[in-house]
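One-letter residues, chain by chain:
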Amino acid sequence: MALLARGELRSILQTELPNALDTRWDTQATDQPEAHGEGQTVLLDFDAVVKAEAIVEVAHFIRDKFGYDLLSNITAVDYLKQGLIELVYQFYNAADGGPDLRVRVRIGRSPEECIVPSLTPTWPGADLQEREAYDMYGVVFPGHPNLARIYMWDEFKGFPMRKDFPKTGDKYTHVTGE
Amino acid sequence: MLKTEELQINIGPQHPSTHGVFRMLVTVDGETLVDLKPVFGYLHRNHEQLGEVNTYLQNMPFTDRLDYFNSMVNNHAYARAVETLAGVEVPERAQYIRVIMDELSRILNHATAMGFMLGDMGAWQTALLWGMREREKILDMFEYVSGARMMCNYCRFGGVVRDIDDWFITELKKLMQGLPHYFDDFEGLLLNSEILLARARNIGVLPKELALAYSVTGPVLRGSGVAYDIRKAEPYAVYDRFKFKVPVGTVGDVYDRFLVRIAEMRESYKILEQAIEQLPDATGGFINPKVKQQSLKAPAGEAYARVESPKGELGFYLVSDGSGSAYRYKVRAPSFINLSSLADMCKGYTIADVVVILGSIDIVMGEVDR
Chain X
1 MALLARGELR SILQTELPNA LDTRWDTQAT DQPEAHGEGQ TVLLDFDAVV
51 KAEAIVEVAH FIRDKFGYDL LSNITAVDYL KQGLIELVYQ FYNAADGGPD
101 LRVRVRIGRS PEECIVPSLT PTWPGADLQE REAYDMYGVV FPGHPNLARI
151 YMWDEFKGFP MRKDFPKTGD KYTHVTGE
Chain R
1 MLKTEELQIN IGPQHPSTHG VFRMLVTVDG ETLVDLKPVF GYLHRNHEQL
51 GEVNTYLQNM PFTDRLDYFN SMVNNHAYAR AVETLAGVEV PERAQYIRVI
101 MDELSRILNH ATAMGFMLGD MGAWQTALLW GMREREKILD MFEYVSGARM
151 MCNYCRFGGV VRDIDDWFIT ELKKLMQGLP HYFDDFEGLL LNSEILLARA
201 RNIGVLPKEL ALAYSVTGPV LRGSGVAYDI RKAEPYAVYD RFKFKVPVGT
251 VGDVYDRFLV RIAEMRESYK ILEQAIEQLP DATGGFINPK VKQQSLKAPA
301 GEAYARVESP KGELGFYLVS DGSGSAYRYK VRAPSFINLS SLADMCKGYT
351 IADVVVILGS IDIVMGEVDR
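Keeping their order, the protein sequence lines are chains X and R. Counting from 1, position 93 in the first sequence corresponds to residue 93 in full-length UniProt numbering; the numbering is continuous, with no gaps. Counting from 1, position 193 in the second sequence corresponds to residue 193 in full-length UniProt numbering; the numbering is continuous, with no gaps.
By construction, these hints were calculated from the structure, which means they are not laboratory data. Keep in mind it's a predicted model, so treat the numbers as computed, not measured. Please note: incorrect hints may appear among the correct ones.
[Unchecked claim] Heads up, simulated DSBU-like pairs for lysine-lysine below, C-alpha to C-alpha not over 35 angstroms straight-line:
1) X:157 to R:347
2) R:232 to X:65
3) X:167 to X:157
4) R:37 to X:163
5) R:270 to R:137
[Stated by the list, open to error] Short derived list, chain X residues pointing at chain R, Cβ under 8 angstroms:
6) 69
7) 70
8) 72
9) 75
10) 77
11) 100
12) 115
13) 117
14) 121
15) 142
16) 143
17) 147
C-beta: ideal position from N, C-alpha, C; glycine also.
Produce the complete structure using the sequences and hints provided.
Have a look at this one:
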């Protein structure tokens, strides 16, 4: 059991679980956010970006091998320009403390691509957070026992936190036009 | 043979024991609870999207409305996230002031939370009144420094909005003289109460492994015997300069959470004593004068900062696109994630216990629904 430094997980995964890493992000040099101008979102690459189907395997790997047993946070971010939804998983080592370990999954925004296996069967703490990501961003988690809307009502259409969700003029507010 | 069948009932959304607009859809077999589904969203105002529309500074008062008992702690966590993102330094005096406010918040939160929980249990009025009495004194202090009792809006990027003065320190010392007396009274009155023991011992047990799997944090996790406190695990502000213990429970029942909170109030008191002792003089300033508060822009990137709020790990995850407002603003609300363990804790106990178990998690719906 040891604490991992920033970026260390990526090199460990390259040797231990080479199939888990998402190879699309190997060559992107976006580790210097200062190089980008205003209004530019950057995809940060110093953490491990893993394939959606490998997230459960990677989560078990870091828990059993390095003691990162506290899944603190699942955040969905909509990168509209890049056409991606990113899920950031933050794990903590409850015994040793220290900073978080971030694991990222990047998926497309269309309904066919926006799918990530659920962590809820092993980490029941992911339950409500995955439901939130589904409700707000439309990420579907196969394996989740009860993937229903959590904040919005069940009949609600669309995913309000997506960047292209209209902020005015929907049928609920009865206001037309932008 | 009498025919029996399970019954589904709703506790809430409008119910005094749910501490806000919160519904529990419970399935019961007689008095015994078989299943529980938490239903929420009644207070949902898409706080996270407001955070993406507001500028960084405009969003500060909105964080007050998350956990409205501890607006000082919310401010601190949010300010820390923006400071990490924009690379802002905080003067030492401001760090100490923030610690003082955080620990006062912890005392008032635990005092009232335990009061409400005992009120749910039927120990009506006295416990809550005593907690409210102490809270009132602390709120007076908050009002003096920030101008508001609950919606403090006190932190700024790189410091706090107003310095504390000698009058504040004198009054704080006076206030603190009464606190140990309150802790002793509160503990003595309740720990010897047979009713409390009967209602709290071995009720709502959450074992250690399960607590970790459920991602719970704060007094609930520590009540289950995991000594995880962010002030120790990843010290922020100036917490590494204070001596204090992390109280833990053994069984993980309602009673342990109760004990952990009482012990935490005493530890907060110790931190307050040390913070007043070590407080640097005003020469270093209480806010970083270089920071442009209104037009603050953060370089593109991301930041996550967390503090040990009285309810658990409160974190803010920010993604910046280089403009004056956050591209993504996410709140890791402790009450929300602690609630995921509720169903498991309640199964097998009676309906009357559910109310107590919910009280022992200490939730605030402003933070759960966002």
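Against the structure, the hints:
Between residue 157 (chain X) and residue 347 (chain R) the CA atoms are separated by roughly 34 angstroms; this keeps the pair inside 35 angstroms, and the hint holds. For the hint pairing residue 232 (chain R) with residue 65 (chain X), the CA-to-CA distance comes to about 23 angstroms; that is within 35 angstroms, so the pair holds. Using a Cα cut-off of 35 angstroms, the hinted pair residue 167 (chain X) and residue 157 (chain X) holds, with the two alpha carbons roughly 14 angstroms apart. Between residue 37 (chain R) and residue 163 (chain X), the direct Cα distance comes to roughly 31 angstroms. Compliance with the 35 angstroms bound is thereby established for this hinted pair.
A C-alpha spacing of about 18 angstroms is found between residue 270 (chain R) and residue 137 (chain R), which places the hinted pair at or below 35 angstroms, so the restraint holds. Taking 8 angstroms as the C-beta contact cut-off toward chain R, the hint placing residue 69 (chain X) at the interface holds, the least distance being around 5 angstroms. Residue-level restraint check for residue 70 (chain X) holds (minimum Cβ-Cβ distance to chain R is 6 angstroms; threshold 8 angstroms). With 8 angstroms as the threshold, the beta carbon of residue 72 (chain X) comes within range of chain R, its nearest partner Cβ sitting at about 6 angstroms, so the hint holds.
Taking 8 angstroms as the C-beta cut-off, the interface hint given for residue 75 (chain X) holds, the closest approach to chain R being about 5 angstroms. For residue 77 (chain X), the suggested interface contact is upheld, since its CB lies about 5 angstroms from the closest CB of chain R, less than 8 angstroms. Interface restraint check: residue 100 (chain X) against chain R, minimum CB-CB distance 7 angstroms, threshold 8 angstroms, status holds. Evaluation of the residue 115 (chain X) hint against chain R yields a violated restraint, the C-beta minimum of about 21 angstroms exceeding 8 angstroms.
Using the Cβ-Cβ criterion of 8 angstroms, the hint placing residue 117 (chain X) at the interface with chain R is not satisfied: the shortest such distance is roughly 17 angstroms. Contact between residue 121 (chain X) and chain R, as hinted, is not supported at the beta carbon level, the nearest pair being about 10 angstroms apart and thus beyond 8 angstroms. A distance limit of 8 angstroms between C-beta atoms decides the matter here; for residue 142 (chain X) the minimum to chain R is near 19 angstroms, and the interface restraint is violated. Nearest Cβ of chain R to the Cβ of residue 143 (chain X): about 16 angstroms, over the 8 angstroms cut. The hint is violated.
Nearest Cβ of chain R to the Cβ of residue 147 (chain X): about 13 angstroms, over the 8 angstroms cut. The hint is violated.
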